[in-house]
Amino acid sequence: MLFAVNRPWLLVAIGLATASLQPARGQIQAPVDPKYVVPPTEIPKTPGAILEMLRREELEVQALLEGTSAEGIYPRFTRVRDLSVAMEDYVRTLPEAKRARASLAVRETVRLAWLLHEAADFGQASHPRAALQLLRPAIAELVASFRE
Amino acid sequence: MIGVALRRSIMLAGAIALACAAWFGPRLAAHVTVVSQYTFYKDVLPILENRCGSCHVESGVAASLLLLTYEGARQRSWPIRQSLISGRMPPWYAEGVPVPFKDAPTLTAKEFNILMVWAAGGTPEGKPVAAHPAASSRSQAPDTAPAGIRTITLTGIGEFPFGTDRTFSVNAGRAMRLVALRPVSGPVDATVHLTIVSPSGNRTPLAILTLRKDWGRRYVFTSPIHVERNARIEARVTPSAGVIWGSLTGDAPIGPTEGGALKLIVEGMD
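Same order as they appear, the protein sequences are chains A and B. Each residue of the first sequence is one higher than the one before, counting from 0 in numbering that gives the first Met the number 0. Each residue of the second sequence is one higher than the one before, counting from 0 in numbering that gives the first Met the number 0.
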């Protein structure tokens, strides 16, 4: 520390360097790491096809729960989120008595998909696992709320 | 003398190189998985005004957390993420299943996703657009039951250890039209799934509530729900996603063991 105090230019340089690490106003903090890039989800044109994709995602979530690899967490997050958001448009096509359940199921699945994303950021296996355990039945409920 | 000057030159060059690398090179982060295509003014502000604006303004009850300016929202992007994920915001904590509750400030899935993408994906500002209409304060349902309402109290006493489900029920007695729910107490941050179970065993999901310390609100259904004679109102108590999230972040280290016995008042008309 004394070394730096005796050299004001060094303090200025370090200050400049650390200041530049702060998120700038309205800027992306970092480029997306290609390792985590997930291709955009192609949304099928019919609700039945979307639900079928969601059902497959539920199986993928189950596989993640049973496995030990964390690979596949971000694809699951992205696809479950995008497919669930897409299903929101179809809630109004359901009979009135079924809409509230389906609407809730859609919102809850999107929320839990984001929980998985945030939990994965913590970097410990137990966190995304806990989120996956919540997400799997939420997907099942979403599919059931439209099909039953 | 020459050695000191040389050492200083080398250090100066090194410091400048460090500053340049940090300034011009990629920003450091563990990893970034979301880049927001949504901007504050075009996509986020209209949602914040509609759903959060009645409280998060200078005259509101959450005036210390202003969200209707770009800087205010950007600086709180992390709390916004936490509050949305945990379900703490918007503070409503209830979902009517057969019919929704009146005056619910619930975010749609699209709105939720836009806020999360923006908050997690770089908080881009965008260009200011024409002023939006000011948010109006929401009307709240009264906290007490009106005259002519019959009440049934559902109670559940016992331990609520983390990770376990508990189920309680009460017989509704006479047939009625169920109009409202009034939670009184319960294990904090647990989720309560309420179901009507007919005498023949048919199950109709009624509502999903998240128990909070600041409960006391009366949740009124948009239309009455028929409850058969001798049907049971069943409450299944489980840990909520908020509990999981709180345990991850340490932000809200409360679990369903706090808060004590479940007490929930069901209001109906004959």
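Note that these hints are calculated values from the structure, not bench results. It is possible that some hints are incorrect.
[Unchecked claim] Facing chain A, a subset of chain B residues (Cβ under 10 Å, in silico):
hint : residue
1    : E57
2    : R80
3    : Q81
4    : L83
5    : I84
6    : P97
7    : V98
8    : P99
9    : P104
10   : L106
11   : T107
12   : V183
13   : S184
14   : R202
15   : P204
[Said to hold, decoys possible] Incomplete in silico selection of chain B near chain A, CB under 10 Å:
hint : residue
16   : M115
17   : A119
18   : P127
19   : I207
[Stated by the list, open to error] Subject to a maximum C-alpha distance of 30 Å in a straight line, what follows is the list of computed DSSO-like cross-link-like pairs (lysine-lysine):
hint : chain 1 : residue 1 : chain 2 : residue 2
20   : B       : K126      : B       : K109
21   : B       : K262      : B       : K101
22   : B       : K126      : B       : K41
23   : B       : K109      : B       : K41
24   : B       : K109      : A       : K44
25   : A       : K44       : A       : K97
26   : B       : K41       : A       : K44
27   : B       : K126      : A       : K97
28   : B       : K262      : A       : K97
29   : B       : K101      : B       : K41
30   : A       : K97       : B       : K101
Even for Gly, the Cβ is constructed at its ideal location relative to N, Cα and C.
A quick look at each hint next to the structure:
no., hint, result
1, E57, "violated (22 Å)"
2, R80, "holds (7 Å)"
3, Q81, "holds (8 Å)"
4, L83, "holds (7 Å)"
5, I84, "holds (5 Å)"
6, P97, "holds (6 Å)"
7, V98, "holds (6 Å)"
8, P99, "holds (5 Å)"
9, P104, "violated (13 Å)"
10, L106, "holds (7 Å)"
11, T107, "holds (6 Å)"
12, V183, "violated (23 Å)"
13, S184, "violated (24 Å)"
14, R202, "violated (12 Å)"
15, P204, "holds (6 Å)"
16, M115, "holds (5 Å)"
17, A119, "holds (7 Å)"
18, P127, "violated (12 Å)"
19, I207, "holds (7 Å)"
20, B:K126 / B:K109, "holds (21 Å)"
21, B:K262 / B:K101, "holds (22 Å)"
22, B:K126 / B:K41, "holds (7 Å)"
23, B:K109 / B:K41, "holds (14 Å)"
24, B:K109 / A:K44, "holds (18 Å)"
25, A:K44 / A:K97, "holds (21 Å)"
26, B:K41 / A:K44, "holds (27 Å)"
27, B:K126 / A:K97, "violated (40 Å)"
28, B:K262 / A:K97, "holds (28 Å)"
29, B:K101 / B:K41, "holds (28 Å)"
30, A:K97 / B:K101, "holds (17 Å)"
When the structure is compared with the earlier hints, violations turn up for hints 1, 9, 12, 13, 14, 18 and 27 and for no others.
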